[in-house]
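For chain A, the structure is supplied; the task is to place chain B on it using the hints.
Protein chains: 2
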Amino acid sequence: MRDLLPAESAAIGATAAELLSCFASEGYQRVTTPAFEYADVLERGLEVDRRDLVRFVEPDTGEVALLRPDITPQIARIVATQLQDRPAPWRLSYQGTVIRRRRGRARKERQAIQAGVECIGLPGLEADVEVMRLACRAVHAVGLRDVRLELGQVGLARHALQPLSEGARDAAEQALARKDIAALERVAADAGATRAERKTLCALVDLYGDLDVMPRARKALGSWAKPMLDEVEAVAANAPDGVALGVDLGEPRGHAYYTGVSFSLLAPGPGETIGGGGRYDDLVGRFGEAQPATGFGLDVDHLRWALRAAGVEAAREATPKFVVVDDAELTRALREAGAIVATLPKGRRDGLEYARAWGYDALVGARTARRVDGAERRRTMDVPALFAWARGDED
Amino acid sequence: MRDLLPAESAAIGATAAELLSCFASEGYQRVTTPAFEYADVLERGLEVDRRDLVRFVEPDTGEVALLRPDITPQIARIVATQLQDRPAPWRLSYQGTVIRRRRGRARKERQAIQAGVECIGLPGLEADVEVMRLACRAVHAVGLRDVRLELGQVGLARHALQPLSEGARDAAEQALARKDIAALERVAADAGATRAERKTLCALVDLYGDLDVMPRARKALGSWAKPMLDEVEAVAANAPDGVALGVDLGEPRGHAYYTGVSFSLLAPGPGETIGGGGRYDDLVGRFGEAQPATGFGLDVDHLRWALRAAGVEAAREATPKFVVVDDAELTRALREAGAIVATLPKGRRDGLEYARAWGYDALVGARTARRVDGAERRRTMDVPALFAWARGDED
Numbered sequence: 000m001r002d003l004l005p006a007e008s009a010a011i012g013a014t015a016a017e018l019l020s021c022f023a024s025e026g027y028q029r030v031t032t033p034a035f036e037y038a039d040v041l042e043r044g045l046e047v048d049r050r051d052l053v054r055f056v057e058p059d060t061g062e063v064a065l066l067r068p069d070i071t072p073q074i075a076r077i078v079a080t081q082l083q084d085r086p087a088p089w090r091l092s093y094q095g096t097v098i099r100r101r102r103g104r105a106r107k108e109r110q111a112i113q114a115g116v117e118c119i120g121l122p123g124l125e126a127d128v129e130v131m132r133l134a135c136r137a138v139h140a141v142g143l144r145d146v147r148l149e150l151g152q153v154g155l156a157r158h159a160l161q162p163l164s165e166g167a168r169d170a171a172e173q174a175l176a177r178k179d180i181a182a183l184e185r186v187a188a189d190a191g192a193t194r195a196e197r198k199t200l201c202a203l204v205d206l207y208g209d210l211d212v213m214p215r216a217r218k219a220l221g222s223w224a225k226p227m228l229d230e231v232e233a234v235a236a237n238a239p240d241g242v243a244l245g246v247d248l249g250e251p252r253g254h255a256y257y258t259g260v261s262f263s264l265l266a267p268g269p270g271e272t273i274g275g276g277g278r279y280d281d282l283v284g285r286f287g288e289a290q291p292a293t294g295f296g297l298d299v300d301h302l303r304w305a306l307r308a309a310g311v312e313a314a315r316e317a318t319p320k321f322v323v324v325d326d327a328e329l330t331r332a333l334r335e336a337g338a339i340v341a342t343l344p345k346g347r348r349d350g351l352e353y354a355r356a357w358g359y360d361a362l363v364g365a366r367t368a369r370r371v372d373g374a375e376r377r378r379t380m381d382v383p384a385l386f387a388w389a390r391g392d393e394d
Numbered sequence: 000m001r002d003l004l005p006a007e008s009a010a011i012g013a014t015a016a017e018l019l020s021c022f023a024s025e026g027y028q029r030v031t032t033p034a035f036e037y038a039d040v041l042e043r044g045l046e047v048d049r050r051d052l053v054r055f056v057e058p059d060t061g062e063v064a065l066l067r068p069d070i071t072p073q074i075a076r077i078v079a080t081q082l083q084d085r086p087a088p089w090r091l092s093y094q095g096t097v098i099r100r101r102r103g104r105a106r107k108e109r110q111a112i113q114a115g116v117e118c119i120g121l122p123g124l125e126a127d128v129e130v131m132r133l134a135c136r137a138v139h140a141v142g143l144r145d146v147r148l149e150l151g152q153v154g155l156a157r158h159a160l161q162p163l164s165e166g167a168r169d170a171a172e173q174a175l176a177r178k179d180i181a182a183l184e185r186v187a188a189d190a191g192a193t194r195a196e197r198k199t200l201c202a203l204v205d206l207y208g209d210l211d212v213m214p215r216a217r218k219a220l221g222s223w224a225k226p227m228l229d230e231v232e233a234v235a236a237n238a239p240d241g242v243a244l245g246v247d248l249g250e251p252r253g254h255a256y257y258t259g260v261s262f263s264l265l266a267p268g269p270g271e272t273i274g275g276g277g278r279y280d281d282l283v284g285r286f287g288e289a290q291p292a293t294g295f296g297l298d299v300d301h302l303r304w305a306l307r308a309a310g311v312e313a314a315r316e317a318t319p320k321f322v323v324v325d326d327a328e329l330t331r332a333l334r335e336a337g338a339i340v341a342t343l344p345k346g347r348r349d350g351l352e353y354a355r356a357w358g359y360d361a362l363v364g365a366r367t368a369r370r371v372d373g374a375e376r377r378r379t380m381d382v383p384a385l386f387a388w389a390r391g392d393e394d
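Heads up: the protein sequence lines correspond to chains A and B, in order. The end of the first sequence is residue 394 by numbering that gives the first Met the number 0, with every number in the run present. The end of the second sequence is residue 394 by numbering that gives the first Met the number 0, with every number in the run present.
Source of the hints: derived by calculation from the structure; they are not laboratory data. Nothing false has been slipped in among the hints.
As the list makes no split between identical chains, a pair holds if one copy fits it or if it spans any two.
No farther apart than 25 Å at their CA atoms in a straight line, the calculated lysine to aspartate or glutamate pairs in the DMTMM-like style are these:
no. : residue 1 : residue 2
1   : Lys198    : Asp247
2   : Lys218    : Asp229
3   : Lys345    : Asp84
4   : Lys345    : Glu230
5   : Lys198    : Asp169
6   : Lys345    : Asp280
7   : Lys178    : Asp229
8   : Lys345    : Glu232
9   : Lys345    : Asp326
Just chain A, same shape as in the assembly (with noise of 0.2 Å):
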């Protein structure tokens, strides 16, 4: 659990606040949901590794606390109790922290700002479209260009997953994750699997790739697959322009509740994905009354790395920033311009050296006004001059 410092405080806030705003303007309205609940009614909805969650016990009642690891089951859990007699589809937005733990190291989690949607109350490629392409131009909303776009459905690795027994089932999807074909092949012989079931297995660990995966695929699963390439290629033909698009058809989602067409959002950067979703139908049942659902989260901070290595600068901070060493007179023009501006008591001879520590553009003084590049003029009163001035428009 990390602090944000001033320039990742700000920057993280204003790309999500801009995530949020592309959210709403499809009709997603905000929740907020608690960053910590009673692990009692969370642990419905959680598929996560129990290993993996940060987990508490308060003393006094011996009740168990636990950090989300997921927004969506609260979501799902809203939907189910709190807003159940809203007309169908609930469409919903959130922005927060996650918290899971990283294996084998004490005090050691990782902390993630997601922002996503849920749509629920909507079967179908309708919905599984309106997210998919939502997750697409949100993060070209953010000002990011180049995006592939993952394309999974984890019906596909259930059903050849299913044969095995329970423990043979954990090893083989463990395998299936890393694409380690030597182990899945060994796992599902030392479980008995048919020859044929080992064939599918197997095949699925090649299933990846550009589309023309998908004609493969057709040829190497049976007829059983066949709905549910379908699907993913109706979900295909619907991508938006701009995002190169590819599909992992043995991705088995770890623990995850999913249960149809999903997706990743993969970009250069950060090594993992900076979000993706999908369906999940089985999810909201477990707090209520039962409801289809699709969506997506996006990681924020992958996100903003993707952004970074992509060259894509934060666009030029529009408001110009002053410091202006006792001068009310002139701290309430700029203000009143729309400039932010900190003061410095009179007789503070390390103005310039505040002014840069703390990101500002300029140091106004009794008579000089100094730009943090060093550049230096007269002071004046004339509020548009100095705007222009302290972002370099005019020397």
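Here is chain B on its own, set in the frame of chain A:
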């Protein structure tokens, strides 16, 4: 720990964003601190009654964690341990949730959303005035006009309580906070306080009200009080126009860390302060190098309550909000023009009910457009006309 549903989540988010933007205009830069910290660090800065804390034990390590009841000690920790190399003053802002247990009720916590600033590294009047004025400006900025600013000085009560033994001091402080003169007299007598000491203590009980309390205070308290009363009057002389000024000189501020001039903001409605703050010169040093400091926090829920009580309407939503049934072209055109548009699939008959339940202005179907107030017109592709009509500007 409660959820914020769409309307409340959006309103609180908007108010908090306005406050942070106001703080930013004076150079207060946002930091974000975890809602949850290991107790061994955070407790160095907490003077909240231990019974008010929500504490948890991590089963593996036995370490105690707590939900933060206050954000100021976290900011003090950041300044002393992560930003110690920057030049003073540290002007930092924050927004976040704090949790305090309600005594004697299991699982009943009060969750508050606080937004505030800390100005660290500046001693004396100038900074005291800066944060007091900023607090007033911020509540004005969100629309609250009728505010009372009540000044205090914790040094007065601290001096008067000094002669008592530690046990008696606690009881006397509580009696003073309740303005219970009989109990205060009794505790002080039992503790063996002299007549003069008792007189001073009891005088504090009545030293609240409008500014005419100040000459009374100078008379009732000894010359020891003069520097503190001078401070209060100096801050009062710099209060902004448009706030009603008052003082409460007996306020001991409970277990808080204040060391000098303090203030509360009051407004009709919530029955509790909407915020407050003051000088706390002893806090930062508990985490590193000592620094003079002052700041304030606003309770966003109480502030919104006061706004409702004052009849301040939320600014009329400038963005028109449509529900469009099965029309991708119109949806795109409306969104490009800046509208919020939620779509419904073809064949949905309850579109108007959906629009009402989720706060939209109008429903646009294949042939007609219907406003949630019942008005109806032929559907058109003319976006400006739809905008004006949706908001009732044109019928």
